Amino acid sequence: MGAAVTTAPGHHDGEHADPAGSYLENTHSLFKTHKGVLGWVGTLDHKRIGVMYLVAVLTAFLLGGVLALLVRAELFTPGRTIMDAKTYNQIFTLHGVVMVFLVIIPSVPAALGNFVLPIMLGARDVAFPKLNLASFYIYVLGAVFAVYSMIKGSVDTGWTFYTPYSTTTNQAVIAMVLGAFTMGFSSILTGVNFLVTIHKMRAQGQSWGRLPLFIWGMYATAVMQILATPVLAITLLLLIAERTLDIGIFDPHKGGDPVLFQHFFWFYSHPAVYIMIVPGMAIVNELIATFSHRSIMGYKAVAMSSLALALLGFLVWGHHMFTSGQSEFANTIFSALTFLVAIPSGVKIFNWVATLYKSSVSMASPMLYAFAFIFQFTVGGLTGLFLATLATDIHLHDTYFVVAHFHYVMVGGTIFGFIGGVHYWWPKMTGKLYNETTAKVAFWLAFAGYNTTFLSQFVMGSRGMPRRYYDYLPEFQIFHQVSTIGAFVLALGLFIMAGMFLKSLRSGAKSPRNPWNSAGYEWQTATPPPLSNFVEPPVFARGPYDYHLASDEELASD
Amino acid sequence: MTMFAPTRTSFDLPPSVSTNVASYDWMYNFIWWFSMIFWVVITVVMVYWAFKYKRKAGDKRIPTGHYPVLETAWTVLPVFFIIWLFHAGFTDYLKNAMAADDAMEVRVTGQKWLWTFTYPNGRSEPNHLTVPVGKQVKFIISAQDVLHSFYLPEARIKKDAVPGMYTMLSFTPTVLGDTPVYCAEYCGAPEGNAAPALEGAPLGGHSAMMAWVHVVPQADFDKMMAEGPKRPDGLTEAQWGSKLYKDNACMTCHSVDGSKATGPTWKGMFGQPVALNGSLSGGMDSAVVDENYVRESILKPNAKVVAGFSPVMPPYTLSDKQIDALIAYMKTLK
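Residue numbers (the working numbering), protein chains in the order written: chain Y, 1 to 558; chain F, 1001 to 1334.
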């Protein structure tokens, strides 16, 4: 065993836990047994925790998606379509809160990252398995607060909780804010766990220069989670203090400053945007390498660009506030710094596309999601130029142009990357294959529906349609209708995909060890992986993308 | 003075009504074409190589090369581009962030869910602002309750209205006619689907918070200011009061049919005693709703608060004639 690979101390190994047996049948558990439900809810195995996160995230995604469809349905016609204005405001608030805090932030790091990160490192588990399980339950607790506030009803502040509106509206805001506060801790603890694991538990031969780019992305994300999330926690606590103790912090009627809330909020929430997009980019690296059979061009530049984004993420929060009343001087500085984000983003896109040159491209379903990511993230990035430029932002700020821009980054980028990752690692996680034809049909529906939904939002935004509007002038109707139709096509694609994965679980063919013929480390062990990830402690003799060094045996399916 | 035609010159952008729009639209279109070309090139190259290098049996696995010159170029060259773009956007932005000393100052106040405009002579009007063409207007913006955002899409300008502080914005209208104002910062909605303060505006509070800027010749503007607010031709005093009731969004909180809302109904209120919330009303437990009561409740709404209601109404700046008209209207609501 390599010195860096250690076992997780202080847990039961179950009655018959076999480190070489599939993780689906064996586990380390807080309980004496590893069978059935107890073997899942008490598990200390990062793979099972990752799967539990995945189930939770996908459930929340279904909820957030239904809320999005309700929003789009209401906007299909001017005036009242299916609900009144107050209900509409609650629905779009919940859509935002659920998608940001329950879906996108945990999607890649907590669900997929938990599963593959230790395997990619050649470790047996994360550094702190019990903390890992605890962070899952903290996430669940936060989700319970959020769902409670939904049942209690009436949170209508928007996901940004801007003051003084949020300090004067319904009391359920406190439950919702507590939910976001609690989920923040889950995010911090996962970040700490990953950071220590990456530093201390790499297998023999796993040098920093051989780290899979997915891990570099997780590393950058973990740094941001640890440094930014506490600021959100502080802000939300101050919000609760203002509401319950009547202390004037943000409310001008009590001597506070509403713009201060925006500074605090975006000091977290801008890094949070990078907490959401960097993991999506991290997955795209793995997909492009595997399906073009070569190393990502400019490995070092791509790895460092993730860290550059993590750093810049802390310096640009004021670009959310160009019209807020912050000083012209602050606007100038934040505009200049925001433009710097273009450099590392461009570096990634150029390198991904250049990797394809003279490679060996397989158009399997996960790779389609990587292509869609590049196509859509480029739109998200380029429309960022309009918003970083002070003059043009003033017109576009708080219109549908911004709505379309951040959906192009968070959905067209992160969610498409995440779904690509779910396809890619599905056989690894379940040991089953899915129907490739159905996957491609679902992809094209989702791709067409998604772009229809949000391209038309760019146009209505630049024509002056403000966001968070329950009703609109007739001139905007055609764009809203196109957008709504697109949203339902997207939903159809996602439902077909869900059916395909459920069918795979029930009756999918058994997956070979390496169905994608990848040189990636995680495909060099059994599928599904054994409890200890590798039966023998691995020694990595080549980089994860060194296809020219990988043997035919390593790349073979079985 | 340059006059632009108030027509749509681009599929993407609203018509233009002010001096700053030409350079704005040039920059928007420049970034648009730059982005479009960049996007198409990236996509075409990606798709072309994906098909050209489609996996075949016996593909050699060639290591990815190193291209230091190429990598340096695509890291360094964009830096020059973004510095230029930043500078262009910054200098253009300053045009609307400053105003000349002789600009006409207009106070803009946002509240749920209407805009109030106050002219230099103290006259104020809800949801309608009249300005002379060709004259720079300096908006001094604030809010009564929560955040709002003052947005003139056809002038490409926007600034948040923040309670407890002033923000500013300027523009010089060049085209005669009407241009819309929207609220661009989320500010909630009333119960049910109450009618908007401005006739023809969308429903829903935040989305209903629309106003018009009327750009008129200087002579017309001067005449309007000299005359002051007056009863529109053909309306009785009570009918004018009814119009003011709608224009000032009184109806978002006060019904005239006896139904319950954020504030007490006006039906049968005038001339009758009301119970007050003593602790909020300086110890008074009741009052009679007479002319003085109504006047005080418009100008200083929280001096006396009817029992069972919260002290949430912002003060309104109405002229004596307008208050008289509202009182006349209230007297008709038996």
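Quick caveat, the hints were computed from the structure, so don't treat them as lab data. Just to be clear, a hint being listed does not mean it is correct.
With a straight-line cut-off of 27 Å between C-alpha atoms, the simulated DSS-like cross-links for lysine-lysine are [to be verified]:
1) 254(Y) with 1300(F)
2) 440(Y) with 1054(F)
3) 432(Y) with 503(Y)
4) 254(Y) with 1304(F)
5) 152(Y) with 1138(F)
6) 440(Y) with 1052(F)
7) 358(Y) with 1054(F)
8) 1300(F) with 1334(F)
9) 1260(F) with 1230(F)
10) 86(Y) with 1054(F)
11) 1052(F) with 86(Y)
These numbers were taken from a predicted model, which means no experiment stands behind them.
Tested hints:
1. 254(Y) with 1300(F): 19 Å, holds
2. 440(Y) with 1054(F): 17 Å, holds
3. 432(Y) with 503(Y): 10 Å, holds
4. 254(Y) with 1304(F): Roughly 21 Å between the alpha carbons, so the hint for residue 254(Y) and residue 1304(F) holds.
5. 152(Y) with 1138(F): 45 Å, violated
6. 440(Y) with 1052(F): Holds - the C-alpha atoms of residue 1052(F) and residue 440(Y) are around 20 Å apart, at most 27 Å.
7. 358(Y) with 1054(F): This hinted pair holds, its Cα atoms lying about 9 Å apart.
8. 1300(F) with 1334(F): Roughly 25 Å between the alpha carbons, so the hint for residue 1300(F) and residue 1334(F) holds.
9. 1260(F) with 1230(F): 32 Å, violated
10. 86(Y) with 1054(F): The given pair, whose Cα atoms are some 53 Å apart, is violated under the 27 Å limit.
11. 1052(F) with 86(Y): Violated, at roughly 54 Å.
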